[in-house]
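Student: First to last, the protein sequences are chains A and B. Residue numbers for the first sequence follow the working numbering, so the first one is 1 and each next one is one higher. Residue numbers for the second sequence follow the working numbering, so the first one is 1 and each next one is one higher.
Just so you know, the hints here were simulated from the structure itself, not pulled from any lab data. What you are looking at is a predicted structure, and each value in this text was computed from that prediction instead of being measured. Glycine included, every Cβ here is placed at the ideal spot set by N, Cα and C. One or more of the hints may lead you astray.
To be verified - Each pair of labels, with its calculated beta carbon distance range: (1) B:R247 to A:H130: 31 to 41 Å; (2) B:C79 to A:W127: 18 to 28 Å; (3) A:R310 to B:C79: 33 to 43 Å; (4) B:D111 to A:F145: 42 to 52 Å; (5) B:D134 to A:H130: 42 to 52 Å; (6) A:R277 to B:P376: 26 to 36 Å; (7) A:R312 to B:P142: 54 to 64 Å; (8) B:D111 to A:K85: 51 to 61 Å.
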Amino acid sequence: MPVYFVRRVLAAIPVMLVVAVFVFLLLRLTPGDPAAIIAGDMATPAQLERIRDTLGLNDPLHVQFLSWMGRILQGDFGTSLISNKPVIELVEDRMWPTIWIALITITLSVIIAVPMGVLAAWRHRTWVDHIVMTFSVLGFSIPVFVIGYLLIKLFAIDLRWVPVQGYKAPSGDFGGFAIRAVLPALTLASIYIALIARMTRASLLDVLNEDYVRTARAKGLAERRVLFRHALRNAAVPVMTVIGTGFALLISGVVVTESVFNIPGLGRLTVDSIFARDYPVIQALILLTSGIYVAVNLLIDLSYTLLDPRIRY
Amino acid sequence: MAEVLNVENLRVAVDAPGGAEVVRGISLTISEGETVCLVGESGSGKSVTSLATMGLLPKGSLKPVGGAIRLEGEDLLACSAARLRDLRATRMSMIFQEPMTALNPVMKVGDQITEVLKAHTKLSNAECHAKVMDMLTQVGLPDVARIAGSYPHQLSGGQRQRIMIAMALVLEPKLLIADEPTTALDVTTQKQILFLIKELQEKHGTAVLFITHDMGVVSEIAHRVYVMNRGDMVESAPVDTLLRSPREEYTRKLLSAVPSLTPRAARSFASDRTVLQVTELVKRYGGGGFLSKSPETLAANDVNFTLRAGRTLGIVGESGSGKSTVARCVMRLIDPSAGGIRVAGHDIATLSRTGMKPYRKKLQMVFQDPYRSLNPRITVAESIMEGPVNYGTPRAKARARAEELLELVGLPRTAAARYPHQFSGGQRQRIAIARALAMEPDLLVADEAVSALDVSVQAQVLDLLAEVQERMGIAILFITHDLRVAAQICDDVAVMRRGEVVEIGDTATVLGNPRHEYTRALLEAAPGRHWDFAAFAPVSAA
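If we strip away everything but chain A, and leave its shape as in the complex, we get (with noise of 0.2 Å):
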């Protein structure tokens, strides 16, 4: 496992250059002269000369990228070109309300979808079975403003229960971050308590006709056992792979969500970046979501070795 851990470290190294490059490229291929683009329509020659000269264009472009990497490794990622701030900083205050948030809905997904597959899967072709799929489907198919803004009406608005909108540090007021964190949370899991249930239902499906299944219970094994501890397990590594990426995939941006919910949220902050053209912004989340993707994805591969005995690297 070590051994292992180490080779998956090693291997990212070249997939964030990739990356790397890429992003570094993204300012430079962009049509036309990328100091025209920061200085604005209004700039003099003069300007756009000295902007050059800061941003270190008239250097050959492998110098360029690899004063840019430099700075980046020191954690230097530039200065917003829209607020004059430090790009960590943006991107710093926005990571964690969005990281708070995809961790509970996450969790929450989970909580709620393994069940809810398992007891379809177990009650496979039952009534059981048709509410789950049909509550899978309307998860998928109501787009999430909607759902957004039926619990809005329904929990803040008619019921009181909680704040409309906002956003609360866990750390300072944690039952203020928990009130607000709910309504969006449920929101984004919507489609995600979807998704897992499907796959924890067609996995297990699959599972509880193998032979081992059927071995358990001719040991005279209890249902809920034979369920649990033999399938689930192996039912398990499809469904961590969807659990994973729907994470990463929460981390990269919920535009709609923090949209509805007025979270300041790294969703937000990419679009905003994109059309204020803010490029080092966008550099810098371009960079921590593939940062993120990669992690996630090796967190994913190392659980599949806890899963399964059988998959060894």
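With chain A fixed as given, assemble chain B onto it according to the hints.
Tutor: Below, chain B alone, put in the same frame as chain A:
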């Protein structure tokens, strides 16, 4: 002797309104210490009967609709689900065909046995552990502490089946149902497992219901035999009576279809043309790897043989002997590590993909599992035509040829428009042969091509292969683990073990008068070798 199991007039039907009966009023009894064999071909209802006894019929698809199954007088069909759970493993146990899949892959085998004790007894952890270790020793496993801590994939097939037996017998049930427990094992392992079951049975006085399709096994272990066919009980008799003088036509047919171990007479050379020449073939696996070097295995080592047109060479051996590796190298499905493969005088061992193209036509393969080797989404005609069309034959001509070939393999021309799932296993294997023949190959490689088939169907497919060979003069490379099949179809036989050919020669000599100890061990382990089933008599001492 006390009667342990009494099945009376059992009927099992498809669980749907008006569902067809798949088991129609069968009765059987087993007494303490007795081994009863239930034989029949696929679809005979033998497994359904055993699953009904255990209460393990797949829910929603099959259900008992009449009769009684009495275990020591208690009617199992009338038991609650909870009562059945209590009875399983304590009074009745079952072991299954596939030791590879019957154990949970993500759980240590020791824990899987302990689980039985935990579910049915109040033993302490220490007592459980002691009992598991004792049972593992009883089933003849070495180094029991290590084995108990292993996962199934770390054990061999034989070891896994021993684990299954330990799990089934740990609570000393009265009845053991063994559903084809040795079918997936090599003959030498099979022999050991059969011996083990017999030994434990004698020790504990267990009644054994042994389900099998293999008459050889029946002749070795059964006290009494029940024969089933398509859900009906055909006949039952003590084993000697049944083998010598079967009452029913069906049983006679079943026995006659068992290929004899006595090699058939060698045929005269049909042709001098060499189709395939393999020289010093080597296939290495592993040895590479980044950071950690994986150990190297020689799957084939210095394999040499020559095959002439119109002849059949059998490669026999147990699993892991390298026989399939050789076949795949010849087909260039995998790349040989060294050595030569000459087809029609040209060495194809190192040809590139494009370089192989003219030779692919000359080499065709028939695979083991007819249920998976045909594309289920395209019609039989499309499957057969695909190869020739790729090589430029006009579609209309290829289609006509496909229909001719179907006729040649004994299927109606109308079969062309149908899909694989509309055919039985034997018919599908005929289609697979027609598909291979469509390319007009010089060499047909048959990898365990009849192993998945029932004996009566197996006999037909073997006849078909011989007939096709006669007509078209093709050479056949026949890979099999079954010495009986090899004895009946091969002109020459190569015996492989651990990647090496230990003995090669004409079938009559190799199987009739083996020189190598391994060949002798294989023949020795072949079940029922003292019985000539087709003659309904023991093999005459010759």
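Student: Compare the structure with each hint and give your call.
Tutor: Here is how each hint holds up against the structure:
1. B:R247 to A:H130: 31 to 41 Å: violated (52 Å)
2. B:C79 to A:W127: 18 to 28 Å: holds (27 Å)
3. A:R310 to B:C79: 33 to 43 Å: Because 37 Å falls inside the window, the suggested range holds.
4. B:D111 to A:F145: 42 to 52 Å: holds (49 Å)
5. B:D134 to A:H130: 42 to 52 Å: Because 49 Å falls inside the window, the suggested range holds.
6. A:R277 to B:P376: 26 to 36 Å: violated (53 Å)
7. A:R312 to B:P142: 54 to 64 Å: violated (24 Å)
8. B:D111 to A:K85: 51 to 61 Å: Given a distance of about 57 Å, which is inside 51 to 61 Å, the answer is holds.
Hint check: violations occur at hints 1, 6, 7; the rest are consistent with the structure.
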